[in-house]
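**Q** Residue numbers (this note's numbering), protein chains in the order written: chain F, 1 to 274; chain D, 275 to 720.
Errors might be hidden in some of the hints.
[Stated by the list, open to error] Quick list of the computed label-pair ranges, beta carbon to beta carbon:
1. F:106 - D:458: 42 to 52 Å
2. F:262 - D:650: 36 to 46 Å
3. D:357 - F:115: 24 to 34 Å
[Claimed, not checked] Heads up, incomplete: computed chain F residues facing chain D, CB under 10 Å, no partners named:
4. 69
5. 102
6. 268
None of these hints come from the bench; they were simulated from the model.
All figures in this text were calculated on a predicted structure; none of them were measured in a lab.
Backbone N, C-alpha and C fix where the C-beta goes; we use that ideal spot for every residue, glycine too.
Here is what each chain is made of, one letter per residue.
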Amino acid sequence: MIHTCFRPRLAQLARILALGFLVLPGNPWAETLSAREIMQRVEDRDDGDNGTQDMEMILIDKNGNQRIRNIHVFSKDKGEDTLQLMFFITPADVKDTGFLTYDYDGVEKDDDQWLYLPALKKTKRIASSDKSGSFMGSDFNYSDMTDRELDNYDYTLMKETEVKGVKVWQIEGIPRTEEESDETGYKKSIVFVRQDNYVVIRGVNWVNKGGKLKYFEVKKLELIDGIWVATEMTMTTKKSKKTLHKTVLRSHNVKFNQDLVEDLFTIRRLEKGL
Amino acid sequence: MCLCAHTSRAQEELDDLLEGFEDELEEIITDQPSDAGPGLWELTGDLSVSASYAYAHTHSDPIKREYRGLAALRTQLRLQLDLDLPRDWRARVSGRGFYDSAYRIQGRRNFTDEALDTSEDELEFQEIWLQGSLLPQLDLKFGRQIVNWGRSETIRVIDVLNPLDNREPGLVDIEDLRLPVVMTKLDYYHGPWTLTGIAVHETRFDENPDFGSEFFPIAVPPPPENTPGNGGSNTEWAAALTGIFSGWDVSLHWARFFDDTAHLELVPAAIGPPRPQLEHARLTMLGASGNYAMGNWLLKAEAAYFDGLEYFVLAGDDKTRWDIMGGLEYAGFDDTTISLDVVRRHISGFDSRLENDPDFVENNRVETAFRYTTEFMNSRLRATYLATIFGTPFDGGGFMRLSCDYELRDALTVGGGIVLYMGGDFPTFEANRKNDRLFFTAKYSF
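Assemble the whole structure, with the sequences as input and the hints as a guide.
**A** Structure (C-alpha cells):
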C-alpha cells in the first residue's frame with residue numbers, strides 16, 4: 001500500500017523513466033509484452049542450425065562424488081522439426097552408444113527416438129511420449145532437453161527484476177492439462193527471461209512427485225556465430241532446501257552452419273558410430 | 275487484511291524459495307577428451323572378475339552332475355582395437371580371454387575333460403571386420419561380426435544368423451551371448467528402405483554345455499557331431515528388406531542356414547551297425563517383423579516360417595514350423611521399462627512320436643519372457659528382473675534372474691544377483707532345476 005503523499009512524486013518519476021526508456025538506444029521493451037508473447041519470442045529466438053558440439057555432463061551426488069559423461073552432438077533443423085544425433089564418448093562402458101531423435105513440432109505427433117546399444121549390436125526404437133524421465137541419469141528430464149508446446153501452458157508475467165545485474169522478466173508457467181504435467185514431470189515452473197536477448201537464464205520447476213524442486217541456471221552465456229549459446233548450465237534437485245543431486249552441463253567446441261546433411265541423422269549413421 | 279496476509283506469506287515463501295539458486299559455483303575441473311579429434315586407432319576393453327556359487331544341491335557328486343559350492347571364479351579381459359581408415363572406412367579387431375580358477379580350487383579331477391576344455395579357459399578372436407561404403411548408398415561389412423535381427427531382446431524368432439553361448443543359461447553376459455561369425459554383408463539404402471544381402475562363410479553353432487557340466491542334461495557323453503566345413507557349398511545366405519518410418523518400422527527376412535539345434539541320425543559305419551551322430555539340418559526361413567510406437571507403448575511382432583526341420587524318429591522326412599511372437603514394452607514409468615514377449619512355435623503335420631526321446635519336441639511350444647528394468651540414484655543403480663518360462667501354463671520349465679548393477683565410479687561397476695532354474699516338462703530344464711546360484715561381477719571398462 002503506497003501512501004498518498006508519495007503518489008505525485010512516483011507519477012513524475014514514472015514519466016521520467018518512461019521517457020528515458022524511449023530515448024535509450026536498443027530499448028528492448030518499448031512495447032508492453034504479455035507473458036505469452038515473451039515466451040513466444042523465447043521460442044522463436046534463433047538457436048542456430050546445422051550445429052555440432054561436445055557436451056560434457058557432470059553428475060554430482062549429495063556427497064560431492066562426480067560421474068562424467070562426454071557426448072558429441074549433431075543437430076539440424078528440418079522445417080519446424082529438429083533432428084539430433086548424439087554419441088557417447090566417455091565413460092568407456094557407454095562408449096559408442098548412440099541416440100537419434102526426430103523432434104517434431106506440434107503435439108499431434110510423438111517424437112521418433114532410437115537408441116543404439118553397442119553391447120547388443122542393435123538399434124532399439126524407444127517409445128516414450130512421457131518425457132518426465134531422467135536424461136541419461138542427469139537432473140535434466142527429456143522434457144528439459146526439448147521445446148515445450150506454448151499452447152499447453154498458462155503464462156503469467158509476475159514481475160520485472162534482475163539476475164546478476166541483467167534485467168529479466170519473471171514468468172510463471174503452469175500446464176493447462178494434467179496430461180502435460182505428467183508428460184513433463186512438472187506441475188509449475190518459474191522462468192527468468194533476459195530482456196535483451198530472450199534467453200531463459202534461470203528457472204525453478206516444481207516436480208510432480210516427492211516434493212522436489214529443480215533449479216535451472218545458465219552459468220555461462222556466449223555469443224557464437226551470432227547465436228546466444230548457454231555454454232554452461234546447471235540443474236540442481238533439491239528437497240526442503242537440501243541438495244539431493246546436481247548436474248553441470250557444459251558445451252565445448254560449439255559450431256553452427258556446419259555442412260550437415262540429412263543422411264547423417266539416420267539409423268545407418270547411428271549404427272556406424274562417430 | 276487476511277487476504278493480504280496470505281498473499282504476503284505466499285510471496286515470502288516464494289522469495290525464500292527463489293533464494294535457492296547458488297550464486298557461486300565451485301570450480302569443477304575435468305579432463306576433457308582431446309580436441310584433436312579421433313585418431314587413427316583406439317584401444318578399448320574391459321577387465322572383469324565374476325564369481326558364482328551353487329547353493330541348491332545338498333552336496334557335490336560329479337557323476338550325478340550335482341555341484342554345490344563355488345561354481346565359477348573367472349577373470350576375463352576383453353580388448354577391442356578400432357581403426358579409422360581413409361575415405362571413412364573402418365576396421366575392428368577384438369578378442370576375449372578368460373581363466374576360471376574355480377576348477378582348480380574345486381579339484382580338476384572332479385570334472386570331465388570336456389567340461390574343462392569348454393569352460394576352464396578360453397582365448398579367441400571375436401569381431402574382426404572391415405567396413406566402408408562402396409558407393410554413396412551401398413555399404414560393405416566383411417569379417418567376423420554379429421548381425422542382430424528381430425525386435426525382442428529375449429526371444430529369438432528371425433534372429434538366426436549368429437549362434438549363442440548357452441554354456442551357462444541365464445549367466446552369460448549379454449555382450450558375449452551372440453557369437454560372431456565371418457560374413458559378407460551388403461546394405462543398400464534408398465530413402466527409408468534398406469536392402470541387405472548376407473553370405474555367412476563360417477559354419478559355427480551354439481556353444482552348449484559339455485558333458486560333465488552341471489548344465490549338461492544327461493550322464494553319458496553325447497554322440498559325435500558332424501560340423502560342416504566353412505564356405506563353399508556350406509555358405510549360409512540371408513537377405514532382408516527393412517523400412518523405417520515415423521512411429522513404425524517393418525522388415526522382411528529370408529535365410530538359408532544350418533539349424534543351430536542338432537538332431538540325432540543313424541549314419542552308416544565303415545564296420546558294424548549304423549552309429550548315432552549329431553547332424554545340423556539345412557533350413558530355409560521366411561520371416562517378418564515390425565515395431566509400432568504408441569505413446570509410451572512399443573508393440574513388437576515377429577513371424578517366421580521354417581522349412582527343413584529334421585528329427586531322429588522321422589529319418590528322411592522333414593517338417594515345417596511357424597513361429598509367431600507378439601510383444602509389448604511400456605516405458606511410461608520414470609526410469610523404468612517393462613516388456614512382455616510371447617512366442618508360439620507350431621510344427622505342421624505333427625507326429626506324436628516327436629514328443630519322445632531323443633527328440634522331445636512339442637506340437638505347440640510356448641515361450642514367455644518378462645523383463646522389468648529400473649534405475650535409481652540418477653542411474654547409478656540398475657535393477658533387472660528377467661523371467662523366461664516355457665509351456666502353458668508355464669509347466670515346461672525355465673529360469674528367473676534378478677540382478678543389480680551399481681556404478682561405483684565412471685566405468686567401474688559391481689553387480690550381483692541370483693538365478694533360479696525351474697524344472698518342468700522339458701527334460702533340459704528338469705535336469706537343471708537345482709542349479710540355482712548366486713553370482714557377483716566387478717567390471718572395469720577402459
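**Q** Which numbered hints does this structure break?
**A** As far as the earlier hints go, not one is violated by this structure.
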